[in-house]
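Student: Quick mapping for you: the protein sequence lines, in order, are chains A and B. Numbers given in my numbering equal positions in the first sequence, counted from 1, plus 2. Numbers given in my numbering equal positions in the second sequence, counted from 1, plus 13.
Hints were generated in silico from the structure; no laboratory data involved. Small disclaimer: the values here were computed from a predicted structure and weren't measured. Even glycine gets a Cβ: it sits at the ideal position worked out from N, Cα and C. Just so you know, not all the hints are guaranteed correct.
[Claimed, not checked] Residues from chain A that face chain B, not an exhaustive set, calculated with beta carbons under 10 Å:
1. Arg102
2. Lys132
3. Leu195
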Amino acid sequence: MNATYIQNSIAQFKTEIFMDVRHRTLQKYTGDPVLDENHLFYLLVPFLNGEQWQQEQREAAITVGIVYAALAAHDHIKEQDATSKEQQLTVLAGDFYSGRYYEVLAMSGNIGLIRNLSQGIAKRCEHQIKVYEAETQSVAQWFGSISCIESHLIAQFFELYAFEHYMPIVEKSLLLLRLEREWSTYQLGQVSLMSQVLEGSIQQANGTYNHVIQEKIVQLKAELVQLIHQATFLQDDIKQALYAHVEVSVASTNG
Amino acid sequence: MEKMRLKLLYSDLKSDIDIIERELEQALNSSSYLINDASLHLLQAGGKRIRPIFVLLGAKFGDYDIQKMKDVAVPVELIHMASLVHDDVIDDSDMRRGRPTVKSQWNNRVAMYTGDFIFARALEYMTKFDDLRIHQILARTMVEICNGEVIQIEDKFRLEQGLKDYFRRIKRKTALLISSSCELGAVAAGVDEKTTRHLKRFGYFVGMSFQIIDDVLDIVATDKELGKPAGSDLLQGNITLPILLLKDDPMMQPYLAKVFAGTLLETERQQMLEYVRQSSAIQQANRMSDHYLKKALKEIEALPKHPIKKKLRDVALFMGKRKF
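When you get a sec, could you build the whole thing from the sequences and use the hints?
Tutor: Set out below in structure tokens:
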């Protein structure tokens with residue numbers, strides 16, 4: 003397996019997700035669903051590693067992708083004044099994708115995944131909304147929230163298909179990639195709400211944003227190298243792909 | 014007065030409705046205090062709970078057990094609540110049922126996350142059922158409601174539309190979820206196919222009548238009764254039945270032009286509302302609502318003998334004649 007094979011697998015997977023949520027009007031005004039290729043890569047890691055991956059697992063993974071697209075659509079809604087046609091339809095795009103993931107799983111009878119994903123979505127929302135809560139969290143708690151936002155849906159899918167042993171790697175990798183993205187946008191002066199609250203908690207603990215985030219990135223990288231190295235269930239080529247992935251410092255998205 | 018009538022109408026279901034209310038509170042319980050606040054805010058705003066009522070009424074024709082039926086009635090109401098939270102973002106509405114909306118009390122993002130949380134809780138509840146048919150009915154309904162809302166946005170500020178467009182829109186916007194509520198109650202209670210079909214059609218016709226009345230009330234009710242400015246639908250660009258019936262009226266056109274340009278003054282809003290109230294459009298719309306109501310009552314006749322038939326009739330008549 004090489005990088006091209008992985009890229010092709012992700013591209014094919016993405017196409018299948020798009021096919022399942024195709025909607026002429028939504029496509030016209032809001033474009034393709036927003037999908038983070040890092041999420042798709044980690045979602046596909048068991049498949050790329052040669053785990054049992056039948057039609058059921060593939061379809062289930064597609065619905066996880068649809069849920070990510072649904073929640074990403076709603077992340078694009080402005081805090082104030084979402085009255086443009088594009089914003090209004092983005093709200094509905096998210097709702098439509100949510101309806102579609104449920105419909106796909108209801109048609110195939112995968113109630114276990116409906117349960118796991120709905121629980122995962124609820125938990126993710128609880129963490130996403132924390133940036134608006136007056137009560138602040140510790141830096142470690144914010145890292146926990148980010149980790150949940152990034153990887154909990156994948157964890158819910160992995161749990162159903164007994165792929166939990168991949169989760170430590172996936173959790174750390176997605177946290178690392180998100181922190182790198184937050185850090186690089188912060189350097190450009192575009193401070194996200196998450197970086198703002200994180201910075202607030204860091205300052206309360208008498209630290210500086212750059213130092214704490216960089217330190218965490220270094221720590222995560224070191225832990226990941228060790229985890230991947232020790233993972234006997236991983237094939238060598240997938241290990242290489244995982245190493246390569248955490249070396250890429252800026253996540254790529256189509257949104 | 015109307016609320017009293019509604020309470021009386023539901024009186025013999027009261028203990029079951031109380032169970033649903035408690036379960037709704039339970040379902041919305043979250044580890045996030047902001048979601049809890051927003052949910053409490055929604056619950057306190059109340060609502061007629063007509064969808065859970067229809068679930069229960071549909072189930073009465075079968076093996077009725079409130080402990081089982083609440084697991085359908087609660088998610089149906091949650092889906093309705095979540096869609097209202099998101100609708101308020103789309104419509105930029107600051108008030109609903111006389112209270113600030115989630116998006117105005119906090120912001121759009123909080124409303125999006127709250128709505129998504131409620132949707133998720135609804136589906137989690139539904140997974141207590143293994144019957145795939147139940148999931149398929151609800152899933153198709155959710156997708157169709159979204160399709161209806163997309164069409165509604167496409168049709169906004171578009172006067173070149175006919176009655177067919179309007180009916181297609183309200184079918185998806187309102188009638189489908191009421192129809193599905195009746196159907197879901199019936200399926201969950203193991204009601205036979207034929208009765209389920211009549212209940213589903215009954216819900217559809219009642220839903221159509223209900224939405225037409227809702228659109229009429231948006232014009233004829235007072236700001237206080239509505240808990241938001243009368244004529245809000247039109248101000249947001251939604252062409253409802255009374256307006257559609259008057260779109261070619263020369264007296265109405267200057268008002269419509271100003272509404273579409275966003276230049277309608279408050280005094281002009283009052284004048285416009287008065288003009289529509291006095292016009293034949295309200296009567297025509299009421300007649301169309303009655304037409305659907307009659308169809309709903311006909312479906313009741315086709316149902317097997319059961320004491321709950323009278324209740325279905327009373328609820329349908331109340332909804333078709335309600336004043337709020």
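Student: If a hint holds in the structure, say so; if it does not, say that too.
Tutor: Comparing the hints with the structure gives:
1. Taken as an interface hint, Arg102/A checks out: its beta carbon lies about 6 Å from the nearest beta carbon of chain B, inside 10 Å.
2. At a threshold of 10 Å, the smallest CB-CB gap from Lys132/A to chain B is about 7 Å, leaving the interface hint in force.
3. A distance limit of 10 Å between C-beta atoms decides the matter here; for Leu195/A the minimum to chain B is near 9 Å, and the interface restraint holds.
Going down the numbered hints, you'll see the structure goes against none, and every one checks out.
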